[in-house]
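*Asks:* Sequences listed follow chains A and B, in order. So the first sequence is numbered by the working numbering: it starts at 1 and just counts up by one. So the second sequence is numbered by the working numbering: it starts at 1 and just counts up by one.
What the hints contain is simulated information worked out from the structure, not anything from laboratory work. A couple of the hints might just be wrong.
[Unchecked claim] The list that follows gives simulated cross-link-like pairs (lysine to any residue, SDA-like), each with its CA atoms no further than 25 Å apart:
| # | chain 1 | residue 1 | chain 2 | residue 2 |
| --- | --- | --- | --- | --- |
| 1 | A | Lys-110 | B | Ile-89 |
| 2 | A | Lys-11 | B | Ala-337 |
| 3 | B | Lys-150 | A | Asp-130 |
| 4 | A | Lys-71 | B | Ala-136 |
| 5 | A | Lys-103 | B | Met-45 |
| 6 | A | Lys-110 | B | Glu-39 |
| 7 | B | Lys-335 | A | Ile-129 |
| 8 | B | Lys-183 | B | Lys-316 |
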Amino acid sequence: MEKIKTLIDLKKIRDEKLFGLQIREKGEGAENRVQVKVAMATCGIASGAKDTMEFMAEALEKRGIEAVVTKVGCMGYCYAEPTIEVKLPGSEPVVFGGVDREKADEIIEKFIKGGELVDGIIPVNYETIDLKE
Amino acid sequence: MSKYSMHLLVCGGTSCKSQESDSIAEKLKMEISKQGLQETVQVIMTGCFGLCENGPIVKVMPDNTFYIQVKPEDAEEIVEEHVIKGKRIERLLYTDPETEKHVEDSKRTGFKRKQIRIALRNCGIIDPEVIDEYIARDGYQALGDVLTTKTPEDTIAIMKASGLRGRGGAGFPAGLKWEFALKNEADQKYVVCNADEGDPGAFMDRSILEGDPHSVLEAMAIVGYCIGADMGYVYIRAEYPLAIARLKIAIKQAREYGLLGKDILGSGFNFDIDLKYGAGAFVCGEETALIHSMEGNRGEPTLKPPFPAESGYMGKPTNVNNVETLANVPVILLKGADWFSSIGTETSKGTKVFALAGKINNVGLIEVPMGTTLREVIFEIGGGIKDGKKFKAAQTGGPSGGCLTEKHLDTPIDYENLVANGSMMGSGGLIVMDEDDCMVSIARFYLDFTVEESCGKCAPCRIGNKRLHELLQRICEGKGEESDLVRLRNLGDVIKDTSLCGLGQSSPNPVLSTMENFPEEYLSHVVDKKCPSGVCTDLLEYFIIEENCIGCTACARACPVGCISGERKEPHLINPDTCIKCGACMEKCKFDAVILK
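Kindly produce the complete structure, drawing on both the sequences and the hints.
*Replies:* This is the structure we're talking about:
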């Protein structure tokens, strides 16, 4: 990694790496992929999030769905771990709770492939501050 | 790509389900089939929306319409008016309590959410092991800005104006703390992040470190610049292996980018961070004990003054802040003191992260503005009490805090109000108790913890807490006397007044506050020798419910002391005078006729 020497360089990196997929997957058309975030804090992992994440990554690839699977920190829904957030291209992200392999399979087949919602949706009940003025 | 163009989300949280949300969903499905729309409109049950007091909730997507207090008979109207004609049903819309206007589009009109994530802003959003994702969310911008455009004094002035107070428990103003450390001149100073989170049921700091480690590192560098330190340590308990692993990755990446190390961003400022591991002693969350533990000495507190800002790690001026406090710092510097101080109450600014646990439906991590009430936290975010039971109390501040009861439900939560009500903010554990919890045993549970965790240096804490625990144990066993209550209170006061550090000074709080709020429960333990909640087994008696007993004699045959009498096919009776409470009768009974009460 090259050192960032000035604040201007730092801002450049920020703008280049515009939050989103470019960070994870370089190249055009990244926004057309399905984004899956798996909550992987201690609590999530203890409830099986690692297994969920592996399954998601493998299954999506095998089924030929262009997707990016990322681990993130705690989403706050301890009562419904493992939790994942799925964002289909051009639509709002949806959070699902209690996602084991079976549920993950259902989410891929019904929601990701067909846009059909499945049981286990967790309505997001917080707002995150916007850092950009 | 979706075959559905509209979704009706019906809340399937416990509270809404108890108000027939299942049948609302059924009715909606029926109405939709009746109209032949089952191919384009999908009805789905979701998890809890958190607005349980306004349940049952139905949300219509994609137009974000939020219907409250929906009844099964409203289904027809929702389908006919909204789904088909596209008209919102006014009388079912959520009304904003402040503007008294109907909220039509729950997204666009700034539908007010109870939770605002500041400290947790990146948790669940970025990959904590990729520094670029943190930078893309304006990470390290505050550090860059401070290093290039602000003096330490300017920065401290902003922090003071923001009103940020320590999130570890006592609530000391962060900016003031930094100023003390700045003013004490020395050849070497240190920045310490207190990540020794030890309250039972608390996991706020762990979640921040696991989900957004860079926010803490960035803040530590800012503190370093402000007080004139070039070295920082994160004191973290070894029981947090994942947080440690992610911190290590974060430190490595920040060094590779030159955001830690020599001459950061060409400013001439040097700062590096290392980890120090704790063995998990509760007392090491106290800053002087923490520093001694960092130095390799026993984790025991010393008298303040001297404060760490004067003489801390290795005898040098040291600034100690908690994880959550630090996580707030970069945002305050980016968005300004005015923005931060516009959130919260008069004396307590910003938000607070709470770990919700106990008898609550939505166990989880929440972040709410200071001044939010306990009722909002429990019933509008937490989804209410498990199994529809009655709320009894909530413990804040863990073993150092006290309980809040029904009469405190509408008190805004902030530092001052909690102390005024015999509790404290603490680090943010919030344990909810229902009608089945015995407050005497709860107090005993917390003292178990304190007795175990007392470092033993000062007599009031070492001996006093042990005696306090023995008194409570006696009361729970039914051997207590009324005079014990006076002794509990007196001893508690003495421990609070004479202990060396915060641990001892706050350890009697759970006892004193439960005595204050539930005097009748203590009285029934010592006078009637009964535990009203049915928790203290020594005070319970086995009892046969006449209606359930078919007279099979199984219990009587199992009883080792022969205290159960009764004719075959007639209800049996337990003689409490000879019963030894072994429980054999209860195990043998197939008809749930034997109960403890």
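*Asks:* Now, for every hint given, state plainly whether the structure supports it.
*Replies:* Hint-by-hint comparison with the structure:
This hinted pair does not check out: A/Lys-110 and B/Ile-89 have alpha carbons roughly 30 Å apart, beyond 25 Å. Restraint check: the Cα-Cα separation between A/Lys-11 and B/Ala-337 comes to about 22 Å, which is no more than 25 Å; the hinted pair holds. Simply put, B/Lys-150 and A/Asp-130 have alpha-carbon atoms about 23 Å apart, close enough for the 25 Å limit, and the pair holds. Of the supplied pair hints, the one linking A/Lys-71 and B/Ala-136 holds, its CA atoms being roughly 16 Å apart against a limit of 25 Å.
Our distance criterion of 25 Å between C-alpha atoms is met by A/Lys-103 and B/Met-45, whose separation comes to about 15 Å. At roughly 14 Å between alpha-carbon atoms, A/Lys-110 and B/Glu-39 fall within 25 Å of each other, so this suggested pair holds. Distance restraint check for B/Lys-335 and A/Ile-129: the Cα-Cα separation of roughly 10 Å lies within the 25 Å cut-off, and the hinted pair is therefore satisfied. About 13 Å separates the Cα atoms of B/Lys-183 and B/Lys-316, which keeps this hinted pair within 25 Å; it holds.
Checked against the numbered hints above, the structure violates only hint 1.
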